[in-house]
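*Asks:* Starting from the structure of chain A, add chains B, C and D where the hints point.
Protein chains in written order, with my numbering: chain A, 31 to 173; chain B, 31 to 173; chain C, 31 to 173; chain D, 31 to 173.
Worth flagging that the hints you see were computed from the coordinates, not collected in a lab.
All figures in this text were calculated on a predicted structure; none of them were measured in a lab.
Glycine is no exception: its CB is placed at the ideal position from the N, C-alpha and C atoms.
Don't take each hint at face value.
Stated by the list, open to error - Once the Cα atoms are required to be at most 30 angstroms apart in a straight line, the calculated DSS-like pairs of lysine-lysine come out as:
1. B:K32 x B:K129
2. B:K49 x C:K33
3. B:K154 x A:K49
To be verified - Incomplete in silico selection of chain C near chain B, CB under 8 angstroms:
4. E41
5. W42
6. G43
7. A58
8. D61
9. G62
10. H65
11. P74
12. G103
To be verified - Non-contacting residues of chain D with respect to chain B, defined by C-beta distances greater than 10 angstroms in every case (computed):
13. M31
14. P74
15. L106
4 protein chains.
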Amino acid sequence: MKKGTYHIRVEWGNCDPAKIVFYPNYFAWFDGATHRLFESVGCPLTVLAEKYGAAGFPLVEAKASFMSPSVVGDELVIESHIETWNRRSFAVSHTVFNKDKVVVNGSEIRVFQVLSKAGTSSIKIGAIPDELKSLFNPVEKQI
Amino acid sequence: MKKGTYHIRVEWGNCDPAKIVFYPNYFAWFDGATHRLFESVGCPLTVLAEKYGAAGFPLVEAKASFMSPSVVGDELVIESHIETWNRRSFAVSHTVFNKDKVVVNGSEIRVFQVLSKAGTSSIKIGAIPDELKSLFNPVEKQI
Amino acid sequence: MKKGTYHIRVEWGNCDPAKIVFYPNYFAWFDGATHRLFESVGCPLTVLAEKYGAAGFPLVEAKASFMSPSVVGDELVIESHIETWNRRSFAVSHTVFNKDKVVVNGSEIRVFQVLSKAGTSSIKIGAIPDELKSLFNPVEKQI
Amino acid sequence: MKKGTYHIRVEWGNCDPAKIVFYPNYFAWFDGATHRLFESVGCPLTVLAEKYGAAGFPLVEAKASFMSPSVVGDELVIESHIETWNRRSFAVSHTVFNKDKVVVNGSEIRVFQVLSKAGTSSIKIGAIPDELKSLFNPVEKQI
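For reference, chain A alone in the conformation it holds in the complex (with noise of 0.2 angstroms):
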């Protein structure tokens, strides 16, 4: 199963008056790494959409658990891999480290959006193409 990592270094600006990270910047960078998972198996927004014809995947769910609050300086490295494959949504799981330990856990449910002729507004959710699935779940070579 891939697994997608994402550094990132806790600035100034996403801290508030507490002096931790201002916590909707993990759900930011939550987005950033599902992209990076995405792209760490040849995919990136423009291969979807040519090759797969997606347009994009919107999220339908997003959630986390906050352990231990992050200030800045703090170097974070988060984990990210899909967790569930359904025909037309997936599951995507991220865990937030500081040095070794979880601080935040979190979890995204995005559908499969299908690119739709220009100047309509509505999104069109379609059937994840199986060779897509695929990409993240490598069949193990056999001997």
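*Replies:* Showing chains B, C and D alone in chain A's frame:
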């Protein structure tokens, strides 16, 4: 039960290349909504500190379900209330309306952080005073 | 000369560990103020596109002077107007008031971006229609 | 003269519906770049406080010129240095490169804020110690 109301207009800068609200913004708005809810019962952070010895109400959990995307110029209304009071934590429920349609549902679980001595970096959690809880659930006056 | 007005309440998440507004937020508010200024003359981006063939008004320059910090809960008012019209660009002036005190002064120079064919990524700049300019500087009616 | 270097990858959430970086983000990155510049001479905020009695370096002015837009996935490099030292303020110059092309130029004027007693909300400005200045302009050792 007290309800808070927070009016948001979706800004250009809140939207991403898919031309819809970048999802972490909803959590930033939830945070603003919770602050307004406390203010609506006469308890902004300053009063919370002076009267109840509280340093704030940091997050332990946050989640949201996204039903429908919002776009630039949309006028959203967030209705919020305290869903549950525990001894040292509480859950806030947020419902985001776009006109009369519910577009996002969310909740936050927060703890009651007591003031600690200057220089102490760890977060100290305490019991929530009953008096504070009662502000949100005023006892109906008997006739 | 038309003036736009934008009301801001400083949120917890807008402030940094120094407990004052993290300065890039003022530029985000300037952007919102410019959008409101165009709307105040009946020209939101949708109308700008349909009636004047404009794709938007990207920035070429932005600056601000910070006279006094703002803190959580401050109610700010941004007054904006078009300072200068050039053939293909214009300057917007922004004044941020905290109560009756000017706390920040800023300006943006923006260009008039014309719609280009789908798939073209470069920004094409065009002449600003006189009709559009006149909306902001209505000729006084003679008696 | 010391130079700071800050590597940025343009995230999906940094871009607006025009599919380019929402401009206030550049100022957030300037702020991060200034912090890195101070760290590069051994002076993160913690050292600045302990050794030089400084509470921080709040902004009095910021500006930027935008030459070329950046899009999702662009790898930017910000090079920063102290342009001018005054008695109580200093100017930081920032140059943003996208590959070898300069895409944004900017500068910040900041003041040297001295620590004041707890509870004091106003910002107290002080003279910048020569020792601090010299860290950025190391005297060449004679042979």
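*Asks:* None of the hints should be skipped; say for each whether it holds.
*Replies:* Evaluated hints:
no., hint, in the structure
1, B:K32 x B:K129, "22 angstroms, holds"
2, B:K49 x C:K33, "28 angstroms, holds"
3, B:K154 x A:K49, "15 angstroms, holds"
4, E41, "5 angstroms, holds"
5, W42, "6 angstroms, holds"
6, G43, "5 angstroms, holds"
7, A58, "5 angstroms, holds"
8, D61, "6 angstroms, holds"
9, G62, "5 angstroms, holds"
10, H65, "6 angstroms, holds"
11, P74, "7 angstroms, holds"
12, G103, "7 angstroms, holds"
13, M31, "35 angstroms, holds"
14, P74, "16 angstroms, holds"
15, L106, "17 angstroms, holds"
Comparing the model with each earlier hint shows no violations; every hint is respected.
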